[in-house]
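Taken in sequence, the protein lines are chains B and Y.
Last residue of the first sequence: 252 (this note's numbering), numbering continuous.
Last residue of the second sequence: 214 (this note's numbering), numbering continuous.
No wet-lab data here; the hints were simulated from the structure.
Be aware that a few hints might be false.
What the hints assert, rightly or not - Here are some, though not all, of the chain Y residues that point toward chain B, as calculated from beta-carbon distances under 7 Å:
no.: 1; residue: 22
no.: 2; residue: 23
no.: 3; residue: 24
no.: 4; residue: 27
no.: 5; residue: 31
no.: 6; residue: 48
What the hints assert, rightly or not - Covered by chain Y, according to a simulated footprint, are these stretches of chain B (three or more residues, beta-carbon under 8 Å):
no.: 7; region: 165–175
no.: 8; region: 196–207
no.: 9; region: 210–216
Ideal Cβ positions, reconstructed from N, Cα and C, are used throughout, including at glycine.
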Amino acid sequence: MNKVKNGDLKISGSGSAAGGVFEDVDISGSGKINGNIDCHKFRTSGSSKVNGDISTNAFKVSGSSHIYGNVDSEDIHVSGNVHIDGHVGAKTVSISGSAHIERHLAAEFIEIKGGVTIDESCSTEVFNMNGKFKIGGLLNADTVDVHLYHRSSVKEIGGETIKVRIGKTAFGLSKLFSPLVRTELTADLIEGDTIFLENTTAKVVRGNTVHIGAGCHIDLVEYKEKLTRSGDGTVRTEKKIL
Amino acid sequence: MLTEEELISKKQLLELTGISYGQLYRWKRKKLVPDEWFIRKSTFTGQETFFPKERMLERVEKIKNMKGDMSLDEIAGQVSIFPTEIQLSQQEILDSNIVSKVALSLYLQQKGPLESFEFQPLLFTYLIDQVLETGRVSSDEAKMILDTLFTYYDEMQGKNVEIIFIRKYGMGCCLLRSLPSELYIDKETKVILRLSVATMIEQLKTKLLEER
Numbered sequence: 011m012n013k014v015k016n017g018d019l020k021i022s023g024s025g026s027a028a029g030g031v032f033e034d035v036d037i038s039g040s041g042k043i044n045g046n047i048d049c050h051k052f053r054t055s056g057s058s059k060v061n062g063d064i065s066t067n068a069f070k071v072s073g074s075s076h077i078y079g080n081v082d083s084e085d086i087h088v089s090g091n092v093h094i095d096g097h098v099g100a101k102t103v104s105i106s107g108s109a110h111i112e113r114h115l116a117a118e119f120i121e122i123k124g125g126v127t128i129d130e131s132c133s134t135e136v137f138n139m140n141g142k143f144k145i146g147g148l149l150n151a152d153t154v155d156v157h158l159y160h161r162s163s164v165k166e167i168g169g170e171t172i173k174v175r176i177g178k179t180a181f182g183l184s185k186l187f188s189p190l191v192r193t194e195l196t197a198d199l200i201e202g203d204t205i206f207l208e209n210t211t212a213k214v215v216r217g218n219t220v221h222i223g224a225g226c227h228i229d230l231v232e233y234k235e236k237l238t239r240s241g242d243g244t245v246r247t248e249k250k251i252l
Numbered sequence: 003m004l005t006e007e008e009l010i011s012k013k014q015l016l017e018l019t020g021i022s023y024g025q026l027y028r029w030k031r032k033k034l035v036p037d038e039w040f041i042r043k044s045t046f047t048g049q050e051t052f053f054p055k056e057r058m059l060e061r062v063e064k065i066k067n068m069k070g071d072m073s074l075d076e077i078a079g080q081v082s083i084f085p086t087e088i089q090l091s092q093q094e095i096l097d098s099n100i101v102s103k104v105a106l107s108l109y110l111q112q113k114g115p116l117e118s119f120e121f122q123p124l125l126f127t128y129l130i131d132q133v134l135e136t137g138r139v140s141s142d143e144a145k146m147i148l149d150t151l152f153t154y155y156d157e158m159q160g161k162n163v164e165i166i167f168i169r170k171y172g173m174g175c176c177l178l179r180s181l182p183s184e185l186y187i188d189k190e191t192k193v194i195l196r197l198s199v200a201t202m203i204e205q206l207k208t209k210l211l212e213e214r
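In isolation and in its complexed conformation, chain Y is listed as follows (with noise of 0.2 Å):
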């Protein structure tokens, strides 16, 4: 099985960030946090409930900065995994230096040309940028993961979708899934990359915020 994360309560988490309850239960009404953070489990007090560990601390301090210059509204716009509203040219993509040429390239050799980049075909070369940044994998293989996004991406709308790549005698092959979900695999069957495409999202929306 893959490996779990570590958790964090919510008593350290609230200790250790200085934030207090308030806070926490406003930033959930107001997805700031997503719902499946919230993990819950039996202790010998009762229910308690924890969080992923590293991304909630990366989460709190993301909030806490943006929170001088945002709306509550606008940093959970900025942190969902919905599209945003952009359109950029091949030009100005490589410009702000958001994705490599390669990706871009591989993207536009594999979907044909195109004009000006919106939301998603930006985040699919995002993707494979970041795919291909970890020397992991052959472009080919690059190619077998785009085309696997393309075909599932309506119905991974809205989901907590993860991109896996396992290889076997040399073998490649993609797998997407949702979170939370369980995998187990064979032995013999090496996991290549794991790669969360919320946390892409987020990281290119991020990226965009910077560039405007």
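Okay, chain B solo, but in the shape it has when bound (with noise of 0.2 Å):
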């Protein structure tokens, strides 16, 4: 098979260009890219602005990044700050910094330390989160395991393991944010096989084993096996389920 190799998309200084196929693409400074982008890695560093759709294997921001479109990544990693209009969709996700996805974002594992804001809702099968995220639909993951360091909010969240912690302050991070606002997750809707929940106010939490930890208001708790419970948590209805 004849492969055509594309060109590269340089810019560095100030400046824009259109889009295109590409190889390699490579912002530094301050860029803008009109239309969609086709190329086999993206990266931008300092500030950038694409208006269109990504499609690369891997997706790369260190600084700021405000794509107007869609991106579709192999990898997605991201030091600093980007904001995406669109739909996300990756196999790994790995945001030190903040992200804020418009629409729904689909990966198979994400990593985040920091911050994230997804307006619809997010999918994958690990989600490991230390900071704060805002979820405007449903987190649909295997395996969900945060360490809370600010107040976050999720509308649902299924899955199989489901652990929501507070952040452990050694680790430096909860500096980066104000100690003035408790630190709590708040959900509707928690369903999972096994579940485990401190600082986390929902209105119902259903699954096999459940653990109410520490700082949790919880409206209803439905378990198959079993109930656990630590701290001052408190459940207002539990049931049993047969």
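Both chains come to you apart, so use the hints to assemble them.
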């Protein structure tokens, strides 16, 4: 098979370019791209704007970037700040810093240190979270492992193993966030096979084995096998499902 | 209004089938269960999720059966409404008993000779076969349905479509509607048949799989 090698797109300093098919796209400084991009590697450091969709294998942002379309990439790596107006599809997503996704995020492995806002829903096999998050719809993941460092919210969580714990202060991350706001997660519904919660306020929690820890306020817990408690967590109504 | 299906709550479903929350959410993620089957309803405990009972129980059984020798992604391909890649000759189609000879010749008569069948013409032939099998429409009316499908196939892609055939004072009429939607028909019009294209696609894919 003949493979035509596409050229690279490089912007350094300040500049703008049209979209297209490239091998590597590299923006350092301040760059603006108008149009869709199809490339092997997309890298931006500094500040960039893309008016279009990006389809790539590796998407890397350090600094700040605003994508006005969808992002489809095998690998997404953000250190800094990214705003994506559209959907995001990826295998692995790693964010240290902050990200705002206005539509759906679908991935297999997500690791976040910092903060993320997803306006619609998020589906992944693994969701590892250190920091704060806000998800407007359903967080659907096999494994949800959250260390809270700030007020977070999600409409629903569904999966196999769901763990929400208060973050360790020794981690250092907590200094970044204001201590005045109570660190807690609020949710309408949490459903899973194994659930462990701390500092969570939820209307309904359903699971096989459920642990309600310190700082929890749950209206209704429905469990199949076991309900355990620790700390000052409160449960208004509990029901064992037969 | 055309009648609604019976629903089953998520709790009842898990109890009845023995599947876990983890499994159900995994199947949702992998699109083994279409998003539109998750129906939100308000109850006294707040919002609850319901499913179309019959279709959901059937789907759970199917996934459980296939899980032994297929990956979840392969099963997703099997149950999705998107076409798969196939290529069958007329003889192969007849030999495998996927469609009747009557339906096949009606298709060829209407659309001209075809050497080998890909998914779309095979699906149309299959739909026509199912329509004819009900015994409720004439072959001319089946042709009308086929023409309607042909005209709107591109717009139907990826949608959950239902074929409806109605008749009033002997005059037949074919409708395609994308679900979920409501439909109100005047009293003198008889609904002759309703056929879910998504269900037919699934059936056809199952038959093709058995043939392989």
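(message) Given a cut of 7 Å on the nearest C-beta pair, is the interface hint for residue 31(Y) held or broken against chain B?
(response) 5 Å, holds
Would you settle whether the hint for residue 22(Y) is holds or violated, based on the nearest Cβ-Cβ distance to chain B being less than 7 Å? 5 Å, holds
TODO: Can you take a look at whether the region 196–207 of chain B is actually covered by chain Y? Rule is 3+ residues, C-beta closer than 8 Å.
DONE: holds (count 5)
Checklist entry - Hint check: is the beta carbon of residue 24(Y) less than 7 Å from a beta carbon of chain B? => result 3 Å, holds
Q. Taking the closest Cβ pair, is residue 48(Y) under 7 Å from chain B?
A. Hint holds; residue 48(Y) Cβ to chain B Cβ min 6 Å, cut 7 Å.
If you count the residues of the region 165–175 of chain B with a beta-carbon closer than 8 Å to a beta-carbon of chain Y, do you get 3 or more? Coverage by chain Y holds here, the residue count being 4 at a Cβ distance below 8 Å.
query = Does residue 23(Y) meet its interface restraint, that is, does its C-beta lie within less than 7 Å of any C-beta in chain B?
reply = 5 Å, holds
Taking 8 Å as the Cβ threshold, is the statement that the region 210–216 of chain B is covered by chain Y upheld or broken by the three-residue rule?
holds (count 3)
- Query: With a cut-off of 7 Å, does the beta carbon of residue 27(Y) approach a beta carbon of chain B closely enough for the hint to hold?
  - Reply: 4 Å, holds
Violated hints for the displayed structure: none, as all numbered hints are satisfied.
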